[in-house]
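Asker: Just so you know, the protein sequences line up as chains W and U, in that order.
So the first sequence is numbered by UniProt numbering: it starts at 1 and just counts up by one.
So the second sequence is numbered by UniProt numbering: it starts at 1 and just counts up by one.
Simulated from the structure, these hints should not be mistaken for laboratory data.
Watch out, some of these pointers could steer you wrong.
To be verified - Just a sample of chain U residues kept apart from chain W, beta carbon distances all over 12 Å, derived:
#1 D48
#2 T56
#3 H296
What the hints assert, rightly or not - Cut-off 27 Å, straight-line C-alpha distance, at most; resulting in silico cross-link-like pairs (DSSO-like, lysine-lysine):
#4 K31/W - K206/W
#5 K263/W - K206/U
#6 K133/W - K206/W
#7 K263/U - K206/U
#8 K126/W - K263/U
#9 K79/W - K500/U
#10 K263/W - K79/U
#11 K502/W - K500/U
#12 K91/U - K483/W
#13 K206/U - K206/W
#14 K133/W - K483/U
#15 K126/U - K146/W
#16 K133/U - K133/W
#17 K483/U - K91/W
#18 K63/U - K31/U
#19 K263/U - K206/W
#20 K502/U - K79/W
#21 K79/W - K206/U
#22 K146/W - K133/U
#23 K502/W - K483/W
#24 K500/W - K79/U
#25 K263/U - K79/W
#26 K91/W - K79/W
Because the structure is a prediction, the values reported are computed rather than measured.
Ideal Cβ placement from N, Cα and C applies to all residues, glycine included.
Number of protein chains: 2
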Amino acid sequence: MAPPAAIESYPETDTSSFTIPDRFTLQQVAKRRAASGKLVATVAAVADVDAFKGRTQHLHKGKARRWDHRLSPESRSRKGNSLKGAAGLLKTPGLISLGGGLPSADYFPFDELSIKVPEIGRWSDKEVHDHGKVLTAGKHDQAEGKSHFDIATAFQYGQGHGAAQFLRWLIEHTEIVHNPPYQDWSCTMTSGSTSATDMAFRMFCKAGDWIMTEQFTFPTMIETVRPMGVRVAGIPMDEYGLCPKQMDQILSNWDERERCGPKPFLLYIVPTGQNPTGATQPVQRRREVYAVAKKHDLYILEDEPYYFLQMQPYTGPNAPDVPPPASHEEFLRSLVPSYLSMDVDGRVMRLDSFSKVIAPGSRVGWITASEQICERFRNHTDTSTQQPSGISQLVLFKLLEEHWGHSGYLDWLIHMRMEYTGRRNTILDACERYLPKDIVSWVPPMAGMFHWMEIDFTRHPEYPQMSMDDIEDQLFLNNVEHKTLLMKGSWFYAESDVEKHKMYFRATYAAARTDQIEEAIRRFGASVRECFGLAALTNGANGTNGTNGTNGTNGTH
Amino acid sequence: MAPPAAIESYPETDTSSFTIPDRFTLQQVAKRRAASGKLVATVAAVADVDAFKGRTQHLHKGKARRWDHRLSPESRSRKGNSLKGAAGLLKTPGLISLGGGLPSADYFPFDELSIKVPEIGRWSDKEVHDHGKVLTAGKHDQAEGKSHFDIATAFQYGQGHGAAQFLRWLIEHTEIVHNPPYQDWSCTMTSGSTSATDMAFRMFCKAGDWIMTEQFTFPTMIETVRPMGVRVAGIPMDEYGLCPKQMDQILSNWDERERCGPKPFLLYIVPTGQNPTGATQPVQRRREVYAVAKKHDLYILEDEPYYFLQMQPYTGPNAPDVPPPASHEEFLRSLVPSYLSMDVDGRVMRLDSFSKVIAPGSRVGWITASEQICERFRNHTDTSTQQPSGISQLVLFKLLEEHWGHSGYLDWLIHMRMEYTGRRNTILDACERYLPKDIVSWVPPMAGMFHWMEIDFTRHPEYPQMSMDDIEDQLFLNNVEHKTLLMKGSWFYAESDVEKHKMYFRATYAAARTDQIEEAIRRFGASVRECFGLAALTNGANGTNGTNGTNGTNGTH
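So that you can see chain W by itself, here it is in the shape it has in the complex (with noise of 0.2 Å):
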């Protein structure tokens, strides 16, 4: 990505030395559970953030930093709900309320909602259609003592930050697998994370501002915040993501009449798995990149859809495989730590998403930040989603609070990590066996949906004459002539108008069949070579037909 020379990087990408220090258990979690009772939540109840995190168990850290100086006038001129001082009186016994415009439950046309999803440890398609566990959720199972979440309540209006029944479960699995460490965080829902990123920019941004991400980065976050007048500066990235010096170097130059902007505050990351480039910041990164963020009093949107894709090492065609994790604390202990875990200041608000682990058509998701900022957060939500989806949160609160459980969500999380492994190698095989690696060259992605391959356009036989734009156009047009599609690197650029020194195709393993997989690469292979004028492989692969050795995995670039 950026040339080797700005590399800032350590050969050990590994992170099961680092200790997260007093990580929650499930053992905890469960204990505070059963000494607090029954939780009770009717219709639209206000979440007792504090009594799901356990009161007492986050006083003795310290308390998140203020971020009045960084909200956007947008974000502080939200004034509370209007009517929400008469919802206290709601509790006055007795009372009969001709108050709040919320229809009767009678009129749901719904008994019942019945979900047919897998045992624990029965994962296959096969297995959930032939023994599957079918959960029901009743219209009035609340009243009726079955549970504490029903169609009643579920199909009603509810709160900004989701209902209180599936939010305690978010919250004690952040706990999990984050621990925060500063007392006053909390978490709320989202209607998903494209949703939630353009809340928060409206919530740090406005029109003249820039912002900050890797120089590579999903499109969509651009489109999302370009229209805001929202101007986006890329930040070079090496194979472990963004560049902590090369950040710290432009905040330190910034020059406001040059730039015709203030210094940006505001960073976007994707530090796991990261879309397009599939790269993962080892935690030595992600501690280099706070400690910048501490210096120029940054605030981190650290968007996390891909945090559960982390895979087991590549081991190479002709190793063996990694075995599983062995434990639930082992695997927990093998992703590497989130910004949140070390966000001692409260600077980071995380976004977490269902998309990639459950079903992107929840439009469930949630945030993890200070109380400050998930306040100003649920205070727009309420103007504007008002709250996810309420069916969907019934069929997530049925699956995981109900079904799974914490611990069987980890199990879950386990099989995806060992299936996108199996995915992952099933790509990077065949790129061994059919691309020409003088023309091709990757670092074996750790995490996510995503493999990026940069090509070397010098060696296309038209270069200097032809440009590089015009080489990667041929090659995409070739590859579906070759009937691949594969995305071009250019679409990813933050800055449209950077110049242009490397050129990359990315290719995800996550959506098709394992042997199409393999397919669309050996077609992207025989696209590459004819492109280049090489031979074709006439055997069938490399190593047989002598064109290219396969020594391993593909060396870093």
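Given the coordinates of chain W, work out where chain U should sit on it, guided by the hints.
Answerer: Below, chain U without anything else, positioned relative to chain W:
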């Protein structure tokens, strides 16, 4: 509301004589569907809206006006998704895509989703519980030819307009009810009308702008738009809703310097069962408002959550009820024509919602507007909410498309009409019985959830030593002492700093059980009498103790 002298109205509010020209019938829609063949829409399919409307059936109409001059810089600057160009290539036969980052449906841990819902005409909770129909969606129903919508598609990422399968139903429903009188109308789904309102304001407004609305309005709307730096001008109302002549005067006399902002062009209205006043604009009022909109080149946001809570006429406590509509046609003719149905210019964005007639927790609604406006809206959706929950969409699809159909849904809406008529009659009968009518007066609501009562504060024994605001406060708190909660009218002013001459309370008859509604109004009557120093009702109700006569409906004020 406005002083009687300002009423711009007409005695007849009956609209049954108004014929919507060229109404689409259920039969026409069914015939078109049969001719168009099977709908095939796979993952994230782009909907062919014109096919759903009938490609030739609207060609005789004129085209909508363009609204470029009304779009905000934010909306104008939105670009299409840069990766969508590649999506066009996905139709290449035999192509294997490693392009889009969609997770495989193999990893959605759901095999089936079922809902138990009413058979047509057997609407009660008990009937549904005992004899409801169970509708089931499988994971691969589309591939297996069982349905044209399934878990594999609905739980996946989708288009900003929502799933084509369900969008078709919404477009047909819109055509049957409103049949917009211009050619290039379109629909796109929303994550509920609050979200759609937030997006619409960002589409048309920028900081420093003014918008217009009814002088009393839904506080969330104000709280949505004010943080954007947009100010709200409240237009006087009478019992028929917003007063067009006064709006015309305000616009004609707009002084940019005095108001520190340009003349407004965006009108937000709730024409039917308005919140909080319960006012419903008759068709003649709507035509006059539309004429003023043409004169001043306004764009109208028609927010209509209560449209299908139009009720049967109120006949008074001692007269027989009006029988339900005898047919779908009679029902549709009984509805006040929407602005959309008279919108020859395409200057209306109509916001529809399932919150009041199916379930608020679905967070699914839709807008209808010209294709230009829908395109800008979808573009914003792609970078914010993405789409409403696919789980909600699948639930609604199974119920509305596959089970009830358009016909069964109209039957359900007639049921809702009769239920709300009963509730409204309950509260009005209770008001007749228990309220001191020389102090409390009202107009029987024709639609919606709200009963709006004027309090003659000048009859308070301490007036004028005690201010109107203090009397309102006293009565509100005294109601709570009497264990009944009504909302203060002053919470609903569009302009909080306007001089107030009248005092109101809002009661909803939507939520409480009917016996509780009656009891709450009895308590409210006792509370008013206490505050205003009247003797308590000794014998239970008006007409039995001689304090007030009960002579049919309470007249207009």
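Asker: Now tell me, hint by hint, if it's right for this structure.
Answerer: We went through each hint and held it up to the structure:
With 12 Å as the threshold on Cβ separation, the claim that D48/U sits away from chain W holds: the shortest Cβ distance comes to roughly 21 Å. Annotated as non-interface, T56/U keeps its C-beta farther than 12 Å from every C-beta of chain W; the closest such distance is 34 Å. With a least CB separation of 27 Å from chain W, H296/U remains clear of the 12 Å interface cut-off, as annotated. With a C-alpha separation of about 45 Å, the suggested pairing of K31/W with K206/W is violated against the 27 Å cut-off.
Taking the CA atoms of K263/W and K206/U, the gap is near 24 Å; set against the 27 Å cutoff, the hint holds. Distance check on the hinted pair: K133/W and K206/W sit about 49 Å apart at the alpha-carbon level, beyond 27 Å; violated. Taking the CA atoms of K263/U and K206/U, the gap is about 13 Å. The hint holds against a cut of 27 Å. With a C-alpha separation of about 63 Å, the suggested pair K126/W and K263/U falls outside the 27 Å cut-off, and the hint is violated.
For the hint pairing K79/W with K500/U, the CA-to-CA distance comes to about 22 Å; that is within 27 Å, so the pair holds. Only pairs whose Cα atoms come within 27 Å are accepted, and K263/W paired with K79/U is accepted, the gap being roughly 26 Å. As the CA atoms of K502/W and K500/U are separated by approximately 67 Å, the hinted pair breaks the 27 Å bound. Of the pairs offered as hints, the one joining K91/U and K483/W holds, with about 11 Å between alpha carbons and a cut-off of 27 Å not exceeded.
Taking the CA atoms of K206/U and K206/W, the gap is about 12 Å. The hint holds against a cut of 27 Å. Taking the CA atoms of K133/W and K483/U, the gap is near 46 Å; set against the 27 Å cutoff, the hint is violated. Distance hint between K126/U and K146/W is fulfilled; the C-alpha atoms sit about 18 Å from each other, no more than 27 Å. With a CA separation close to 21 Å, the supplied pair K133/U and K133/W stays within the 27 Å bound.
Restraint check for K483/U and K91/W: the C-alpha separation of about 11 Å stays at or below 27 Å, so the hint holds. Distance restraint check for K63/U and K31/U: the Cα-Cα separation of roughly 25 Å lies within the 27 Å cut-off, and the hinted pair is therefore satisfied. With a C-alpha separation of about 24 Å, the suggested pair K263/U and K206/W falls inside the 27 Å cut-off, and the hint holds. Under the criterion of a C-alpha separation no larger than 27 Å, the hint pairing K502/U with K79/W is consistent with the structure, at around 26 Å.
Proposed proximity of K79/W and K206/U is supported: the alpha carbons are some 19 Å apart, at most 27 Å. Distance hint between K146/W and K133/U is fulfilled; the C-alpha atoms sit about 22 Å from each other, no more than 27 Å. Proposed proximity of K502/W and K483/W is supported: the alpha carbons are some 25 Å apart, at most 27 Å. Of the pairs offered as hints, the one joining K500/W and K79/U holds, with about 22 Å between alpha carbons and a cut-off of 27 Å not exceeded.
Restraint check for K263/U and K79/W: satisfied, since their Cα atoms lie roughly 26 Å apart, inside the 27 Å limit. Annotation: proposed proximity of K91/W to K79/W holds, straight-line Cα distance about 23 Å (limit 27 Å).
Violated hints, in rising order: 4, 6, 8, 11 and 14; the structure is consistent with all others.
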